[in-house]
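Asks: What follows is the residue order along each chain.
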Amino acid sequence: MSALLTVSDVHISYGKVEAVRGVSLDVADNEIVTIIGANGAGKTTLLNAIMGVFPLKGRTSFAGTDMAPLDIEDRVAAGLSLVPEHRELFGTMNVEDNLELGAFRISKATAAASLERVYTLFPRLKERRKQLAGTLSGGEQQMLAMGRALMGAPKLLMLDEPSLGLAPIIVADIFRIVGELRAAGVSVLLVEQNAQAALKIADRAYVMELGEFVLSGSAKEIASNSRVAASYLGFQHEGESAI
Amino acid sequence: MQRLPLVIFAALMAVIPLIPGIPPFWIVLLDNIGLASLVAMGLVLLTGVGGLTSFGQAAFCGFGAYTTAVLTTAYGVSPWLTLPASLLVSGIAAVLLGIVTVRLSGHYLPLGTIAWGIGLFYLFSKLEFLGRNDGISGIPPLSIGSFRMLSPDTIYYAIWIGVLLAAILTMNLLDSRTGRAIRALRRGHIAAEAFGVQTPRAKLLVFIYAAVLAGLSGWFYAHLQRAANPTPFGAQAGIEYLFIAVVGGAGYVWGAVLGAGVVIVLKEVLQSYLPYIFGGQSQLETIVFGILLVLLLQLAPSGVWPWLMARLSIKPASKKPDTSLKLETRERAAATSETLLHIEKARKQFGGVTAVNDVSFDVNAREIVALIGPNGAGKSTTFNLITGVLTATSGKIFVRGKEVENAPPQEVVKLGVSRTFQHVKLVPDMTVLENVAIGAHLRGSSGAVTSMFRFDRAEEAKLLAEAARQIARVGLTDQIDQLAGSLSLGQQRIVEIARALCVDPMLLLLDEPAAGLRHMEKQRLAALLRQLRDGGMSVLLVEHDMGFVMDLADRIVVLDFGTKIAEGTPASIKTNPDVIKAYLGAAA
Amino acid sequence: MNTTILLFLLQDGITNGAVYALLGLALVLVFAVTRVILIPQGEFVTYGALSYAMLATGQVPGTVRLAVAMGFVAFALDLYAARKALHLRKIARSAALNIVFPIALFIATTRLAGPTTPIAVNIALALLIVAAIGVFLYRIAFQPIAHTSVLVLLIASVGCHLALQGLGLVFFGAEGLRGPALSKASVPAGPLVFTGQSLAVYGLTIAFIVGLWLFFGFTKMGKALRATAVNRLGARLVGIRTTLSGQIAFLLASVIGAISGILIVPITTLYYDTGFLIGLKGFIAAIIGGLVSYPLTAVAAILVGTVEAFSSFYASNFKEVIVFTLILPVLVLRSLAAPAVEEEKD
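Order-wise, the sequence lines are chains A, B and C. Quick note on numbering: the numbering used here labels position 77 of the first sequence as 83, and the sequence is numbered without any gaps. Quick note on numbering: the numbering used here labels position 47 of the second sequence as 944, and the sequence is numbered without any gaps. Quick note on numbering: the numbering used here labels position 201 of the third sequence as 353, and the sequence is numbered without any gaps.
Here chain A stands alone, though its shape is the one from the complex:
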């Protein structure tokens, strides 16, 4: 498998605070990779910087091209897409307008096909297509955010905490769909606090603490690591002491 996204030795600072320190990762075609860790570990910062929302130091390349000179909009056009933590929907516009804008950079014909695919993946969105995005429930908003990102036919979808604030029962649904994306030829880079669910669908995983990757490996290895179990799978393994 060839590397779709390569990030090497990346540092990200807010003023004097270095939030991400020397992180390297890669995502191959048709792969689901997850980064787990507590909030504040730097996961969101890292995803945003890969997307170009913040500047970073280090090398990043996507589908073989250096991303340094590209701004967010160019990266979108290149096939990289981010579903951000706060979803950033167009709240006062309806579902269909939101989805159409997701296809802003692609041709009309491709957009029509994308729309069909998104509606198949999320039938709920089709039911609500004339409803304003801001009035959707949390789970529907997450679906819309993912749908909007998929409208641009990305090669790599980056998801930031898709389960945040959702009922466990909807979380299961969202993760099932993330798992299905691979079949549709989309790679996924998933940032999650819900380590258990993320490790279930991922091929590989990185564990992030205080701005650094402290562990990496196949999702299975990570899930069975005792340190991860104690620290991130937490209450699931009662009786174990924390590190």
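Hint data in this document are derived by calculation from the structure and do not stem from the laboratory. Everything hinted at is true.
Derived DEER-like restraints, expressed as beta-carbon distance ranges:
id, chain 1, residue 1, chain 2, residue 2, range
1, B, Ser1034, C, Ile255, 52 to 62 Å
2, C, Gly355, A, Lys136, 27 to 37 Å
3, C, Ile243, B, Arg1029, 57 to 67 Å
Below 27 Å or equal to it, Euclidean Cα-Cα: the simulated DSSO-like pairs (lysine-lysine) are:
id, chain 1, residue 1, chain 2, residue 2
4, B, Lys1478, A, Lys206
5, B, Lys1359, B, Lys1216
6, A, Lys114, C, Lys242
7, C, Lys242, A, Lys161
8, A, Lys132, C, Lys372
9, B, Lys1471, A, Lys206
10, A, Lys136, C, Lys372
11, C, Lys372, A, Lys114
12, C, Lys236, A, Lys63
13, B, Lys1223, B, Lys1359
We put the beta carbon where it would ideally sit given N, CA and C, even for glycine.
Guided by the hints, dock chains B and C onto chain A, whose structure is given.
Replies: For chains B and C alone, coordinates are given in the frame of chain A:
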């Protein structure tokens, strides 16, 4: 503010006119800088600190100047007697305009001030008794005994004493209970009101304060020029004062003085040298001035003063509160029999959407109750109904047996209900200590004037001591002097808990306190909450981490689409089929 | 009161109000997309009007030189911004917009300007010049600070106003100018006479309102502009360039400003600094409309125009006082109706 730099600055300003051979013109410039500093200082408080942008300050200068002009020329009143009159007229004008304008949020306010600023300018230039466009001349100079301040270098001292006094009083005000309330305004009023700050009153206060400083400047101006006409009080001047504040650094008292210096000297240089370079082209200085301004903002968008301070790496001194000082505390229930919070069929509709649908539940004394449910289930709305941020469409809420009939947040917090927010609402450029001290707002009583003259110190020490104690309680003593904005989100949530504890609450409402915490930190938080409960406090919390909730809560209330679907002990909730179907899913 | 006077004042008010409505719409548009409170809107008005008036006398207005100069600065900024990776296509595109276009405009203006040039050509030239200035103004002054607070943008906006107004004096002199009417036709209606000019004012105002509505409701670019206004980050994440949105907003605003100017310069004499006051009256309408609502802004503008017409008849000395204090009762009503909860964002 440290005393030494202030004394040095004062001494320096005192010596400048005595330097032999100093061009008299420089003194005129310094007089003008002093006058502009006064207005800009008001704007620092109003705009930079309080977040209320005003383009209309020049009009308040006009009130000050015309008041003394009319009183001295038409009625022969002594100039010193007109000083209080000038300040009073500016203040009253501010009250009238302020009542109308300060309640406007966001962008209405600056636009509104442009409009009445221009309206007042035209009024000055049309009114007969103000001399219309020609204005009033022949204003007598200031005098002490037989010493008449006729020249720019004699009134110089009066102006700069005024500036220094204003700066000291302004800094004293900012560093106080009232000052914290003002500084909290810019981050939105919800957090401030949750701790008892009367935000409309605080806004009006800064508005009046800024207007009185502008009135003082106008009064000096009238006696410096010995004349008053409408031009210096128009829209252009109002815009220029705002420039000065922004160029200097809109949040800093000394930025006002620095900004006044930069802008006035720059204008002067442009006016006197540009014609030499480009010939007598008209209005060239305005063009260059405008361009330089745009350029300056691109280079230092936060102003020159903070830029300079960062270069010199000067940091404010840290405060070490004496934690032996104590505030009075509430009496607490000894047993769990008392119902602290009673919610009866609370309902909230937004347009056609029912966010909270006839929800009823209780929280007893010494009890931890959790409110769970998916996002959008109405949990935060319920919090807002309890704390008075929102008014219920129908239903009743009782706190300790007393019905909270749509009381505003400032009243609810007096009953001993304090809260944290789902989206952290701290003031990022205030220290942890200052942020937490806002929580103790209602446990002090010092007002603006008391603070300006430093009569609030004994109470202030107690408030800070209480804040420091609560910070220690949540384990953040090491971060006490850091700016709140520099902490991680998880730590900021803990700071919010310390702030809520400063209220000395009976009931603590926590909105997702564990979000962003690691496993260990969550356990520490759980231990703290248990300890608070055992000390006689009750906790109502919203949380998504089921492990955390099931472990900690005595009782759980489950909301779904605004409706209560279950209530009971963690064990019964875990196995409740409705909860599993709507919320937990098979995974639990 | 005499009915004829009443009707006459009403007509006058509505004509002025229609112009304020156009300006108010432009202000709302620019604010929503870029968060800039566009004080130099007034300069777009005077630049459009006076460039047109100068062209009508056969002179080449200085504004076209300004457009060329600003184009060079904008190109230099583009080069500087792209210094790390010089993409030939990007540079070529930037050169075409910032260098070739204004120079072509300059050549066209100097060639075409003459005492016999048709009105339509003069209008087109004036519009193109002001449009270029508007787009370059965004690139030079606002794009580099697009991420800062509304206050900083506002101050920068005032800086632009000062510079442009000063330049206006250089270009047009202190004397006022009038331009030729777009049409000499007139339609009598009872005691009133509707001139072709005032009918053009009504027609264009309505056309612009309908046009903007269609643009924002049904076109991809219009929706993208709305999306930028609603959520900037969200817009960037779907690949909408906020710089492009900003430029389009400024383009629309400058064209609307210039058209307003061209519409009124045959009716009233304009001076280099008249635009500021006219722009401010558009503001009042925009504030009454809450800076968000287009129809409310249009209605408010008609109200402002009417109040102005009546007060200039009955209390001409206090005309400006009345117009500008008109805002106070509106603000009172707004603050009474203000919602209890208002989350503030920054």
